[in-house]
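Enquirer: One line per chain: the protein sequences are A and B, in this order.
Throughout, our numbering is defined as the position within the first sequence, counted from one, plus 107.
Throughout, our numbering is defined as the position within the second sequence, counted from one, plus 107.
Some hints could be false.
Said to hold, decoys possible - In silico DSSO-like cross-links for lysine-lysine, where the CA-CA straight-line distance does not exceed 27 Å: (1) LYS269/B - LYS269/A; (2) LYS269/B - LYS357/B; (3) LYS342/A - LYS291/A; (4) LYS291/B - LYS342/B; (5) LYS357/B - LYS269/A; (6) LYS357/A - LYS357/B; (7) LYS342/B - LYS357/B; (8) LYS357/A - LYS342/A; (9) LYS269/B - LYS357/A; (10) LYS357/B - LYS291/B; (11) LYS357/A - LYS269/A.
As the list claims (entries may be wrong) - Sample of chain B residues at the chain A side, in silico, Cβ under 10 Å: (12) ASP381; (13) TYR405; (14) ALA406; (15) ILE411; (16) ASN437.
Treat the hints as calculated values from the structure; they're not laboratory data.
For every residue, glycine included, the Cβ atom is placed at its ideal position computed from N, Cα and C.
Listed below, chain by chain, are the residues.
2 protein chains.
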Amino acid sequence: MTTLHNDRFLRALLRQPVDYTPIWMMRQAGRYLPEYRATREKAGSFMDLCKNPELACEVTLQPLDRFPLDAAILFSDILTIPDAMGLGLYFETGEGPRFQHPIRSSADVERLGVPDPEDDLGYVMDAVRTIRRELAGRVPLIGFSGSPWTLATYMIEGGSAKVFARSKAMMYDQPALLHQVLGKLADAVTAYLNAQIAAGAQAVMIFDTWGGALHPLAYREFSLDYMGRIVGGLKREAEDRKVPVILFTKGGGQWLEIMAQTGCDALGLDWTTDIGDARARVGHRVALQGNLDPCALYASPETIRREVAGILAAYGNGSGHVFNLGHGINPDVPPEHAAALVEAVHELSRPYHAEKSTAAV
Amino acid sequence: MTTLHNDRFLRALLRQPVDYTPIWMMRQAGRYLPEYRATREKAGSFMDLCKNPELACEVTLQPLDRFPLDAAILFSDILTIPDAMGLGLYFETGEGPRFQHPIRSSADVERLGVPDPEDDLGYVMDAVRTIRRELAGRVPLIGFSGSPWTLATYMIEGGSAKVFARSKAMMYDQPALLHQVLGKLADAVTAYLNAQIAAGAQAVMIFDTWGGALHPLAYREFSLDYMGRIVGGLKREAEDRKVPVILFTKGGGQWLEIMAQTGCDALGLDWTTDIGDARARVGHRVALQGNLDPCALYASPETIRREVAGILAAYGNGSGHVFNLGHGINPDVPPEHAAALVEAVHELSRPYHAEKSTAAV
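Isolated chain A (complex conformation):
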């Protein structure tokens, strides 16, 4: 157990006082960084990179060497679980992810097993352990998983989709079968995140990328309930600290209240919700992570600074805010713009944490 030198991220997630607002960026280890592209080239395919703990560690640390970020996030893919379930994940150049054996029948569903994290996904746990060692306590490490609904869409569609024709056809016509898929995935995600925590993840985040494509009742039944089940099954203490859990449904701005009821510690916000309004709705229950439009990073450093100021002012005084983008950083953003973002957050947020009396809000 190493000493954690910068714990602002963990403290903010637990709404404990901090001296400035911590920041990390979704997809911070990614294609916008030339050093990432170089490592990716060296690795071979994208999955080769994910499955090589040393290289996964290398790209995880790259953004930290450039910017004073307050958290690292495990470099991996959300589709490792379906891959370990035997669906045969592969990536076509220029296309999104694909599965060789998508779910097409109830027999396919029957065959799905819950992977053992150390046996079947050992490369992820090895990456977590390697990164923790190399981080040496600089900042906390975030583990993550896709949500059951999000994973199910890829497994049923056979890859990326915009319309979710097959997944929603199953939802409407064979809800019991979809529940069977989601139940197995909830068990798999729970075991996977607990194994990441055991291996050294100091916070975990569940990415529900496609929950926002559902009707509110369907969201609750087919996405949120399974995330709640996962939250309830997590071992949320390690190394004598609480391990905070962040829930992020892209497009979920209408459902923050019911998301906050799952027992998670924080909600990720995309940029279509005002963070001040979100705080008024659920800030007494959970911390908030977000929520700059990733496209703001196409603007000049001066404009980025102005937008950061707006979000910090909207959130207001006190802890409970982790700055982030509302979605992953885009591959064509200049790295200097990311630098301007991190600097602006650290600098402009200090006044909001100055008063001890307001920090405990």
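Assemble chain B onto chain A, guided by the hints.
Expert: Using the frame of chain A, we list chain B on its own:
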């Protein structure tokens, strides 16, 4: 002026009593119909079809010949205005729309003129007149336009986009320039919709397909305010009837209250908002149009019926509801499923309109 035989659609938009809930489907004249594909084949390109009033009329009427829909919608494209502004619209096979001369500089913006609807978009007005003649009062005809923000994204990106890198870079770094584009578009859309009304459109709808990609403050400043300006500039009476205006921002479920303040008559809802909640929020001010997930049409007719029942029950008693999908019908939906939808809405909605006392809610 012909007698309108079925005015349920117009009455529901004005929250006047009806005997059943009227329905139409976004993109009801479209690729899911074999007869549409045949006419499209005959026309040549997609724009050839839009620019041929006789064929545009033919495809507009096709779904009405199959299903007892309660409204027709002009067959056209939202990008006719930028095309008339000289940007050179074209369609690549298998790709979305493209512009030969996208907006790249302030000089490009200066050059943009406001098209004269009858001179520069006469083919649209001819289509409206032709369709009205051929409809012969069966159902009302809906005219439409894209919203200024939505049109601007295509004009600045040069075609379809997912991320809006260029449009948002302009929004963040050159807001005055974007306001100049939007101001010209608001003038153009106002003139265009007024000309459609003069030619015979009996209701109009503004499609803000990409407003949901904005931060709430940006939505108000760069999309909603311009739609409000358009609503204020419309001639909302024709043939001794009110011409209702419908506003639809896809992904706008968080902003219904401010949308309803524009003075429009109805809001279109996508399927991520519960229509009962929406009615509680804004139903005293506006009618609601929606909001079945288009993917529900992949399900069996029995399931479609169950989903229709759910939406009708959520809306509840009385007028003010036009049934629709939450977005355009998908090209691979079986036409019989659309038939099941229309039948279910007409049949299952009658009890909600039975009581004179509740119909006036």
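Enquirer: Now tell me, hint by hint, if it's right for this structure.
Expert: Hint check:
no., hint, verdict
1, LYS269/B - LYS269/A, "11 Å, holds"
2, LYS269/B - LYS357/B, "14 Å, holds"
3, LYS342/A - LYS291/A, "19 Å, holds"
4, LYS291/B - LYS342/B, "19 Å, holds"
5, LYS357/B - LYS269/A, "15 Å, holds"
6, LYS357/A - LYS357/B, "15 Å, holds"
7, LYS342/B - LYS357/B, "25 Å, holds"
8, LYS357/A - LYS342/A, "25 Å, holds"
9, LYS269/B - LYS357/A, "15 Å, holds"
10, LYS357/B - LYS291/B, "23 Å, holds"
11, LYS357/A - LYS269/A, "14 Å, holds"
12, ASP381, "5 Å, holds"
13, TYR405, "4 Å, holds"
14, ALA406, "4 Å, holds"
15, ILE411, "8 Å, holds"
16, ASN437, "6 Å, holds"
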